[in-house]
Structure formats: structure tokens, C-alpha cells
Amino acid sequence: METTMSQFQTVPLQYYIIFCSALFSIGVVGVLSKRNALVIFMSVELMLNSANLLLTAFSAYRNDPAGQIFVFFIMVVAAAEVAIGLGLLVVVFRSTKTIDIQVLNKLKW
Amino acid sequence: MFSTYLFIFLSAVAIFSAINVLLSKNPIHSVLYMTLTFFTLAGHYILLNAQFLAVVHVIVYAGAIMVLFLFTVMLLNLNKEGQFSKTNLMKFIAGIAGGLLFLLLIGSLKSFDVAVVSNPELTQIGLVKNLGTILYRDYLLPFELSSILFLSAMVGAVMLGKKDKI
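Sequence lines, in order, name chains A and B.
With the first sequence counted from 1, adding 8 to any position gets you the numbering used here.
With the second sequence counted from 1, adding 128 to any position gets you the numbering used here.
Be aware that a few hints might be false.
[Stated by the list, open to error] Below, a list of computed lysine-lysine pairs in the DSSO-like style, where the Cα atoms sit at most 27 Å apart:
#, chain 1, residue 1, chain 2, residue 2
1, B, 257, A, 105
2, A, 114, B, 290
3, A, 114, B, 257
4, A, 116, A, 105
5, A, 105, B, 238
6, A, 116, B, 257
7, B, 153, A, 105
8, B, 219, A, 105
9, A, 114, B, 238
10, B, 257, B, 153
11, A, 114, B, 291
[Stated by the list, open to error] Partial selection, computed: residues in chain B whose CB lies under 10 Å from chain A:
#, residue
12, 164
13, 173
14, 197
15, 226
16, 230
17, 239
18, 248
19, 262
20, 288
The hints are simulated quantities; they were obtained by calculation from the structure and are not laboratory data.
All C-beta atoms in this analysis are idealised placements derived from N, C-alpha and C, irrespective of residue type, glycine included.
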């Protein structure tokens, strides 16, 4: 493995894994620690993007285009999810005047 | 060597702005830092020679999704600071949990041999021509189904956004 790495003189794949893990962990911290539903949505987007970047990196390093196609479809699903999610947020805000998730706990019990 | 420096620079900016998404009190600043993160990720895609994904990423994320987020922030009148304060204990616990997850992911890397078969700067698979050929030849059905997904998402968003009941 080291020989193939040194032949390329390029960014090692491990760097991408570490970077994407850090980005994913930041997204997890955001989902766990924020109360604003909008920022929680953005943290979910952050996690999706770290998975996307890792798929692209593996696809480029293994010369397999299927990974990049999957990233394209993940982007499709993320765009649809954001449209619906923000629509739901606007509806929730219209009825309760807040998007604080500590207030929106009617379904909790 | 140059690509490694570029990678480190882009990663540092991306992680800095991703942390600032969580730290900033004003949601508008969060959205703007998120846009910066998306632009650095587009730089990463270009570094991997995935040009099609870089362009699509900029158009979809920085162009469409973040504009949608900004509109929602302004629509809901959230651009006031200090609306959502959480106890420091919860933030601390969340930070510990995220840090442990990061350590777990990094630790599992040690027992994992990454096989590399090509140089990403020389592969041509990320170009529009190759990806388009594969998308329309091997993945034609999922591509068409995604248009149905978009249609249903659009209808659902309009239904949710309507004020009067149907």
C-alpha cells in the first residue's frame, strides 16, 4: 500500500477519512446540542456532505464511477428533503410561533 | 505536494466554518458559515477531479439550498440573537459524545487497509462526459425515479405552504 501511495505523491486517502469523520462528528454535535430546528437541519446537511465527500474520494481513488453517481442521487434526495423540511418548519412556526425543539415536545410522551 | 497543502488549507477552512455554524448565536451567520463550508467542499471535489460533482454541488447547495435556508430565516424572523439558549451541561455532553464518535471513527481506521488503485488527479471518471454516459446507461431508471421524487416533493411543499385548507 505504501508503495502505491508514494508513487502518486498525492493526498493520502486516510486524510479524507479523517477530515470526513471530523465533519460528521461536528454535524452530530450540532444535532445533539442545538435547540433551533433550522440549525439542526443545517447540521444534518453537514453530515450528508461529509458522506458525499467520502464517497467521491473512494470513487476517485478506486477508479469506480458508481460512487459519484450515488453522490448525485444523495444530492437529489437532500434537495427534496430540504424543501419538505423547511415547508414543515414554516407550518410549525405558523401554528406555534416558535421552532424551538424544547417547546415542540407534544409527541414526546 | 501542492495538492496536499491545498487539501489541508481547504480542510482547515471547512472545519473552522463548520464549527462556527454551531457556535454563532445568530442563525444568519450560521447560514453564511454553512455556505463557506459548501464552497470549500466544492474545492475538495475539484481536487479529486470530480468536476461534474463540484459544479452540481455549487449549484444545488450554495445556490439553491442555502438560499432556501436564508429565506426561511428571514421569513421566520429568527435573526435575533439569544432566542435559543441551552444549558452548558447539555452542550458539554453533546461535545463529549461527538468527540467520542470522532475518536471511534479514527480508531477503527487503524484496522483497515485502504486499497488505492488510481491517482485521483489523473482519473477521468469525474468528468461530465463519463458520468453522463454512465448515468444515462446504467442508472437510467433511478434517474427517472428521482424526477418523480422531485415532483412529489414540490407538490408536498406547496401543499404544506398553502394557508387555507383544501
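For which of the previously enumerated hints does the structure constitute a violation, in increasing order of number? Per hint list: 1, 3, 5, 6, 9, 10, 12, 17 violated.
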